[in-house]
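S.K.: Can you build the whole structure from these sequences, using the hints too?
Going by the numbering used here, the sequence shown runs without a break in its numbering and finishes at 211.
For the record, the hints were derived by calculation from the structure and aren't laboratory data.
Since the structure is predicted, the reported quantities are computational estimates derived from the model, not experimental observations.
Backbone N, C-alpha and C define an ideal beta-carbon position, used for all residues, glycine too.
The reader is advised that the hints may include incorrect statements.
As the list claims (entries may be wrong) - The list that follows gives simulated cross-link-like pairs (lysine to aspartate or glutamate, EDC-like), each with its CA atoms no further than 20 Å apart:
hint, residue 1, residue 2
1, Lys201, Asp48
2, Lys59, Glu21
3, Lys201, Glu126
4, Lys210, Glu41
5, Lys204, Glu94
6, Lys204, Asp10
7, Lys59, Asp10
8, Lys197, Asp120
9, Lys197, Asp48
10, Lys157, Asp171
11, Lys204, Glu21
12, Lys204, Glu81
13, Lys59, Asp186
14, Lys197, Glu94
15, Lys201, Asp186
16, Lys201, Asp10
17, Lys210, Asp48
18, Lys201, Glu8
19, Lys210, Glu42
20, Lys157, Glu172
21, Lys59, Glu3
22, Lys169, Asp187
Stated by the list, open to error - Here are the in silico distance ranges between beta carbons for each label pair:
hint, residue 1, residue 2, range
23, Gln31, Glu94, 16 to 24 Å
24, Ala181, Leu206, 32 to 40 Å
25, Asp187, Asn6, 19 to 27 Å
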Amino acid sequence: MGEFVNLENDIESGVATIRIERPPMNAISMQLASELQEIAEELSSNQDIGAVVVWGGPKIFAAGADIKEFPALQNKQEAHEFSLLLHGALLALENLPQITISAVNGYALGGGCELAMATDFRFAGENAVFGQPEVLLGILPGAGGTQRLTRLIGITKAKEINYSGRQVKADEALQIGLVSAVFADDDCYPQALEAAKSYAKGPKSLQFIKR
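M.R.: In C-alpha cells:
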C-alpha cells in the first residue's frame, strides 16, 4: 500500500476500492500519481477482482494537482514529465479490464475531475462539484481532460466548460451526462459498491465489451 493511495480487495464480492487519502484536499502530487499507477497495474492482472471503485472519502474526491509542487518544477521539461506521469496513471486506470466506478463526494476539480473521467462510471454525491478551473490559471488540462470530457458530454458542451473554467454541480453533471447517478452524500460510496458488486458478478463478456 502507498502513503496516499490504498487498495482494499474484497475477494468474496470481487470488488476492490482504490482509496485516495491525502488530506485535506486529496491534491494529486507526483507521488500520489505514481502510487495510483502502481495500484492500477497491480489490479490489471488480478482475476479475482471484477470491478473497482475509486473513492476519495466522504468529504472530497480530489481537488486537482498539488500546485505547491509547481515551484519545484525547474523547467518546461520537468513540468512535461509531471503531466506525463499523471497521464500515465490515468491511462492505467482507464485501461483496467475491470469495470470501474468513481464515487465522488465534494470537489473533483482539475486532475481530480480527470481522475473521475478515467473510470467507466461516475456516481456523485448531491454536493459533488466537477470542473477544470486550472484553465483560469493558464494551465492546460494536460492529463486527458479535454479529450475525455468531449467523449462523455459532446464537443459543444465540453468546449463551454473547458473554455470558461466554470464548476459543474451534481445535478447539472447528471443532466449533461458527466455522471451516471446522483445520491445523498452518505449514500454515494455504498451505492457505488453495490453497483460494483453487480458488475463483478456479471459475465466475463463485460470485460470484452469494455475493450
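S.K.: Each hint needs a verdict: does it hold in this structure or not?
M.R.: Here's how the hints hold up against the structure:
1. Lys201 - Asp48: This hinted pair holds, its Cα atoms lying about 11 Å apart.
2. Lys59 - Glu21: 11 Å, holds
3. Lys201 - Glu126: With a Cα-Cα distance of about 28 Å, the restraint between Lys201 and Glu126 is violated, given a limit of 20 Å.
4. Lys210 - Glu41: The hint holds at about 17 Å.
5. Lys204 - Glu94: 18 Å, holds
6. Lys204 - Asp10: Roughly 18 Å separates the two Cα atoms, so the pair holds.
7. Lys59 - Asp10: 23 Å, violated
8. Lys197 - Asp120: 15 Å, holds
9. Lys197 - Asp48: 12 Å, holds
10. Lys157 - Asp171: Distance of about 15 Å is within 20 Å: holds.
11. Lys204 - Glu21: Measuring from Cα to Cα gives roughly 31 Å; hence the hint is violated.
12. Lys204 - Glu81: 36 Å, violated
13. Lys59 - Asp186: 10 Å, holds
14. Lys197 - Glu94: 19 Å, holds
15. Lys201 - Asp186: 24 Å, violated
16. Lys201 - Asp10: 13 Å, holds
17. Lys210 - Asp48: Satisfied, since the Cα-Cα distance of roughly 18 Å is no more than 20 Å.
18. Lys201 - Glu8: 18 Å, holds
19. Lys210 - Glu42: 19 Å, holds
20. Lys157 - Glu172: Within the cut-off at roughly 12 Å; holds.
21. Lys59 - Glu3: It holds: about 19 Å lies between the C-alpha atoms, which stays within 20 Å.
22. Lys169 - Asp187: Holds, at about 17 Å.
23. Gln31 - Glu94: 16 to 24 Å: Since the Cβ atoms of Gln31 and Glu94 sit about 21 Å apart, the hinted range of 16 to 24 Å holds.
24. Ala181 - Leu206: 32 to 40 Å: Given about 19 Å between the Cβ atoms, the range is violated.
25. Asp187 - Asn6: 19 to 27 Å: This hint holds: roughly 22 Å between Cβ atoms.
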